[in-house]
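Asker: Chains as they are written, first to last, in the working numbering: chain B, 1 to 188; chain C, 1001 to 1663; chain W, 2001 to 2280; chain U, 3001 to 3150; chain F, 4001 to 4279.
Please keep in mind that the hints were generated in silico from the structure rather than gathered at the bench.
Some chain W residues judged to face chain C by a derived CB distance under 8 angstroms, without partners named:
(1) S2091
(2) V2189
(3) V2197
(4) H2217
Glycine included, each C-beta is placed from N, C-alpha and C at the ideal position.
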Amino acid sequence: MRPSSEAVDMLAHTHVTDCYQCGKCSAGCPVGERMDVLPNQLVRLVQSGNFRRAMDCEAIWLCVSCQTCSARCPKSVNCAGVLDALRQLAVENNVINAAARRTIVFQQVFLNNIRRNGRLNELELVGVFKSKAFLKDASVPLLFKDSLLAPKMITRGKFHLMGEKVKDRALVGRIFERCFAEGPRGHK
Amino acid sequence: MRIGVFTCWCGENIARHVDCQKVAEAIRNLLGVHCSVDYKYMCSDPGQSMIREQIRNGKLTGLVVAACSPHMHLKTFRKAAEAEGLNPYMVEMANVREHCAWVHHDREAATAKAIDIIRMAVAKVQQNRPLAAIRVPVTKRAMVIGGGVAGIQAALDIADAGFEVVLVERDPSIGGKMAGLSETFPTLDCSQCILTPRMVDVGQHPRIKLHTYSEVEAVNGYVGNFKVTVRKKARYVDITKCNGCGDCWNKCPQKKNLSEFDFGMGKRTAIYVPFPQAVPARPVIDREACTMLLKGKCGICAKKCTRGAINFEDQDQLITEDVGAIVAATGYKLCDIGKDEGRYKGYGEYGFGRYADVIDGLQFERIVSASGPTGGEIKRPSDGKTPKSVVFICCVGSRDDAKGCGYCSKICCMYVAKHTMLYKHKVHDGQAHVFYMDIRAGGKNYEEFVRRAIEQDGAEYHRGRVSRITEHNGQLIVRGVDTLVGEAMTIEADLVVLATAMRPADGVESLAQKLNIGYDEYGFLSESHPKLRPVETNTAGVLVCGACQAPKDIPESVAQASAAAAKVMMLFARDELTREPEVAEVNEQTCAACFSCVRGCPYKAIDEADITDRQGRLIKRTARVNPGLCMGCGTCVAICPSKSVDLAGFTEQQVYAMVESLV
Amino acid sequence: MLNDLRQTARQLLADKKVDVVIGYGQADPAGPAYPVFITRPEDTEQLVFNDRCYNNLTTFLTRKEIRAMGRAAVLVKGCDAKSVVVLAVESQIDRQSVVVIGMACNGVGQPSLAKCRTCDVHMPRHTDMVIGQAADHAIEAKDRYAELAEMMSKSASERLAYWGQELSRCVKCYACRQVCPMCYCERCVADKNQPQVIKTSATTMGNLAWQINRAFHLASRCVGCDECTRACPAGINLRLLNLMLAQATEEQFDYRPGMDKDAQPVLGCFSVKDKECFIK
Amino acid sequence: MSETQTKHDFEPKIVAYVCNWCTYLGADLAGTNRLEYPPNIRILRLPCTGRIDFNLIVKAYEMGADAVLVSGCHPGDCHYTSGNYHARRRWMLFRVLLEGIGFDMRRVHFTWISAAEAKKFQEVVIDITEQTRALGPYGDFRKLLEAPVC
Amino acid sequence: MQIGYYPGCALHGSSNDYERSVRVCLGRLGMELRELDDWVCCGATAAHSLNAKLATALPARNLAIAERDGIDQMLAPCPMCSMELIKAGQALAASDALRREMSEIVEQKVSGATGVLNLIQVFQQIGLERIQKAVVQPLSQTKAACYYGCLLVRPPEQLRFDDCENPTSMETIIKALGAEAIDWNYKTECCGAGMTMCNEDTVLDLAHKILTDVAAHGANCVVVACPMCHVNLDMKQADVERRYGVTHRMPIYYLSDLVGMAMGASGAEMGVDRHYVVA
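Please model the entire structure based on the sequences and the hints provided.
Answerer: Following this line, the structure appears as structure tokens:
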């Protein structure tokens, strides 16, 4: 799906044109202070078709999906959904900046983990993510930091060392296959 | 019947595509047609003279003019007929210009169609019956509902023109919202100074009958002849005996009731006068607060009253007023954003109702007003401290489809600017911040006024909305954004004032139903035409003005009130009204009294009626049309299963004759 | 059940609560029951109730002759009970002054009439009392219109041909009008001649115009007692016409006449949200 | 150039029941704007669509109409506030009956045309005329008209 | 009383203290949990970020199992799981086409009719009176800050059980236990939730703000009903302290911990000893 405001509307189930730029989304955003482009500005970029800037900013990768912006929007624009959509479009269009990389790798590792096990194997997740992320971005501290916590976690019984697996893993595999059949986003 | 048919050439307009002579020829042989002539310009003086001559000489009893659209000249030809003593409703037009000559260029086909059109008209006119215009007497007395600035203006205008006015006000005093305002934009003149003399004028006017603490219970009748039932709520004070000395309210022990006039910012007693300049300056007992009425204990006011005006046995009274016109001026209220109410969702994120120092615009008016609970000193509600930093937030509830209303409340931009100025004039070291989305200052001297607030009085304007207000150690933390800078911002404030949305006053929908007038999805009363009939409604004789129709400021409300008053005077300038006689009538012999028509009539013009014999015994029931209310749409005709209703001018006979002429 | 019925009727008459009981009598146990108008307590032994009690007796409630007899009690089956509701809504009867005796019913006719096969009101509703207990019958809404679905599966010209054929047999005897509890007009539109709304000429068109009028005047009012169909000497299946409008009324307005005594009637009212996909 | 200049084998008869305040004025405006359309339509002016009884529609076919147009004000614009809403609901049910008895629904048309929609009026009339012309005379119905009863 | 139970990955992994707490607490209240057979992960943020269809299909698989096994109500103690299940359920209920498509993908008929409840709602179903009656050790020393975070109350169109700006349902329960619920400012602010792994900076910053406001309003503990909130406020608390040079020492309890302890369970029984910050 090429970037267009209709594409964003569809992905986010919303009407971006409804936004009248009051800024309430940005005012309430818990990470707004760290964003290079504010949520209301992102919506404006989508409105005016400037997707390159919208996809290439750090802000969309800082979003914590807390839904505060959508919940308070006086025009019921699903702002959090717009950021979700921008992230999807960025991946699809290969607009991957440093901020994006870690998150994308994490999410891919996460989904692969689910695809294999049906449920999350946290130890595997941490391990694979840290090593993969390190290969792509040297600023990610390798295993060390969390491994400081790991012994404590194990003593507290907070990890299944082996992790759990669902019985019908074949079905999980087929579900993934069907969902990815029409492209990485699940649709044409 | 002796029908004359007059086919007009309209110069070349009709004659170019329709062979008018051939048409006249063809029509001449129709049954009932006495004469059929064609002429170049029927509407011209010679044309009309010819028609009149034919009526005279040919003793015509019906007339068909085949020319342009009836919307163009039907009235012209009806007048001409009337001048010759022929009933105007015996005249019909056949539209052979707009519906034929102008749209068909095949001369043969157009001529054939023109003949068909005229045949239909001839068939109809054969079934026409003379009709007499309906005359209804006019009661030259008006009712104004609502005693705010709009109602006051309308009442005074009508009364000064020499007509009696009944003014009905729900609250104990007239004055409305304006009586509680501090100073008014863009001149900063004192609201009470300009309004209270007008209130006194109303109170003393020989032709204004004032019903305060009263509400409209029911409305019957029609233009010129309304019967309005008014509920006068029990006041527990006989205002004819009371002289307003104040002994009662000064001694009342129930002092902790929130004052409605101060929007809860001040307190009042259980027996009270809403504010010192009230009209009438007579108290009322709040039955929810008076311990005598609640528990039968106290009665101090009665003991103190030297004139015996207190009456705890007082009851609501229903009175009926006959009036010829009604002006609705019920005004507005501010959206209560603290709680959910139907489509309006509470603004939990602003903490209104939770934090004492988050107030609305009208509450701020009382805080800055010299007559207010703080005597005009700006003190915040929680601890009485003078706020050094005040944040004003625009568009709270307005322009907010998700939680409030989609429309712009129109007056807030101006009064927020005014608030910042009043604040700065009183707290010189204070700082006012405004969060706005757009500044809408269209009006004489309005834009200049807003600029003054910013340039001279130093209000800080930030373009953006506020997302959340929290409280920390008595400070309000306002989290907003300045979208022009592109930065979220946090302001620590001592007081936050929300410019909340203007909504129609409570109960306006039920009043609209009683008056049989429309209202929009928000409850604002509907005018008849947004541009050309801005104070009329779809019910003749009912007018609207002020903020009950849409958000408005004072000058607009007053202008509209005078406009409504002028419409009332127009109505009262004549002794009787004439109405088109094309109204429905029930055949009471065949009516089966199923009353579907009563349900369906858009004007509530059909009543259920009893037919009785001389001894008063019920013979049968029937539907009956009130010709004063009927507007002639004919919906009842189509609804009636036994075809016992018919519509004059478009009777079943007439319409069937037209269709049948098409064979 | 029969004893209860007779006892109730006797009591109502004896206590002067009513002046007449409109019920069913039967001379030949194998033949159909017929309406009887009982005015004396001792005559209540004539009353019967069985699966031959076809008539919708509520039609008599609006008849002048019956009104002249005074206050009435009327026996109703579940289907007939609905017409009482409609008559009250349409101001034709004062519900307070009529005693409505509901009779539990498992259907009439042998075999059961079409309406009984899709009936979901074997226990009458909105009555003053119900005598007896009916068996439980589970009916799905779509079953009510199954017969119609079959007809609607034909093409338009086939349907027109069918109705042309059927209505060519109509003799305009107005038996359908006579038995219908909803046809209470003092002067039927069919008898109006200035103008003549319905053609009187002996062509199928005149019959069609009459049946269109009858059916449409019953739109969202017909309770489906099917008396018109039973009364038709030509055996025209008038029920189908009524079903068309009943189905549309139920689908569009979620309304079934006579089911809810407080519901607003469908015609003579409107909603701004009414569908209008057929209007360009 | 225009449709009407060509001669056709069959010229349908079309009856239009229109509201005085919208569609009638729309047709007036079509005239003022000289918007040409086929001359097959005969317009009957009624105060409001609320006045249009279903019997009038039946009557039109009885009188030999090949198609009928019923037209009034858009929802919300009724001169009498709600006549068109009543009409809309009635037509909705009436159509069901017509369809049920096998009436050719391509011969009955409902539209909203405002006083300003001259162009729409023209287009509607052209459409209906052409469509009806293509359908030919309503023979099935004529048969009923003439068929004597058994 | 029996109710379906969807633990989700967290409760079977690093937040198994939460599962233990929920099981013990609800068990004492006579609520039997019937764990969903062979449930799969809800997909969490990763699914709806990367593949919209998968974000419906994974929850649909779980809803299909629930329908097959006749479970009409199901507790999902993790708000993330709960929201994903609710969103999928609502989407399924609203669209014929989607029901058909999803039934094919998950190879089982699914209609989306199963009710999904969060922990607070389950307590509400049990009833305040019943909880109150079960209290044997009123928590009179506890001054709790109830922390809802984001996904318990947002998006409000989907989750309508409490006021999204000023929720009070947890407070009501806490008060029934004899504890004091303090009013504070950050109860619906986000803690960073799923960013724990990939954006630690943000998480520490948000957690710090929350913990600071809690302390400023005089609370002596925080109550949560979300495994992610717990991780960010409890496990990461030491990091917050180190980074901002402050001492919070603020114990973070699950709502079920407090209910359980008020009913007489020991801290160890509720798994409180496995928390990082110990009271």
